[in-house]
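Novice: What follows is the residue order along each chain.
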Amino acid sequence: MALILLRIARRSASFEEVDSQTILETEFSHEGRPDLRLSVYEVADEHAEIVRTYVQHTASAPTLGLPFRRRHHLNVSSLEP
Amino acid sequence: MGMQTVRFAAPPRGQREAAAFVFGGPSVVSALTTASVDEEAAGQYCTSCESSWNLTLQGSMEVLLTQRELSTSTSERRDPKESEFRMLAEQSPMRLLWLIRYGNLRPAQLTFAAEIAGSIADSAIVVPALLELLNHSSPVVREGAVYGLEKHLTTEVRERLRLVSEKDPSPAVRSAARDAIE
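Residue numbers (our numbering), protein chains in the order written: chain A, 1 to 81; chain B, 1 to 182.
The shape of chain B in the complex, shown without the other chains:
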């Protein structure tokens, strides 16, 4: 593994922690890390882009976060919109999957993010994230996950959806799963 550039978005003024998400390979989210970055270091690493710093770290990593995602306070964070989920699915699918896994989205956001994630072509990266959501406590989220998974009907997905269609406590989710595999 060689040295690669890792990009951190700049934290809001006065905020000293930047979060980074790290991909251990071309497709799999393997870790979530945080890195302390102070103003002085920012000066050293700041590039021409005000909203990001480039740091050089060892390992095969790819990191990208927007300033919005860096905000640690839920009240400060602007809720992502469905149109933004669609844009991420097209332009930066790994970021959408990161948001689904670690973005602390509310159920109403997560259900649409999950459905939109289904439009990502690469089943290998989409399916694990959406299968996790089939265990979510909110039936709305589970239904969204089913809609995302119906575009990735691998053998594993079919089997999971068959189980969901039989055993999920929500009639709506069971029905959606049945429709997906029929």
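Bound conformation, chain A alone:
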């Protein structure tokens, strides 16, 4: 079963931005510091698994401060640190 690295974005429009600083600050910063909260998951590349991951991610809303809403998911498997 193929696995992917799934990233759940805070703003769908982030990845339409041309300004890398805005992307960095929107998606990878929190409270003025690097955002160390979970947002990337290694999951099976299947619809049900991706939905389950999203639900579990969003269900941690009290911790993450995330409202329930449709979010943008990115497969970041090809990215290297």
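Derived from the structure by calculation, the hints contain no laboratory data. Some hints here could point you the wrong way.
What the hints assert, rightly or not - Here are the simulated EDC-like pairs of lysine to aspartate or glutamate, each with C-alpha atoms no more than 16 Å apart in a straight line:
no.	chain 1	residue 1	chain 2	residue 2
1	B	Lys-151	B	Glu-182
2	B	Lys-167	B	Asp-179
3	B	Lys-81	A	Asp-35
4	B	Lys-81	A	Glu-31
Here the structure of chain A is known, so what remains is to put chain B in place on it, guided by the hints.
Specialist: Just chain B now, with coordinates in the frame of chain A:
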């Protein structure tokens, strides 16, 4: 209109200008003013609180600024955090709306400030500020404005969001607007 106390935060040492934001009524931001305040005047008006002065001006005004917001240099200013936006939304919503309009926030700050502003209960003060952001050049900001507005679905807001869902150049913003009014 009677005499009312207007509160200015103290500017940093050596800085001679204090900004003030002025509310012309109970809810509407009507003006942004600056007032020159020198050290001597500060001595006259300084209260027991070191970080603020109380001045008496004519008119129906309510002013409150923190020292941080008074800093005129962007490099000197500490960026407000999301937790501070939440605190302002709960405790001082007009200040949050002032920051959104006049605070020169960067898009990444503005988008979260806008979303958090949506938690302010009074649609009459929130909606105008957030509708303005639907015209912002950054799609991230417009998306944040949609998330703020989805908690204030008045007839006017629904109509604006319907237009956004059809005509905004950003697919993400269009999608967010569609979700908001569905």
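Novice: Against which earlier hints does the structure fall short, listed by number upward?
Specialist: none
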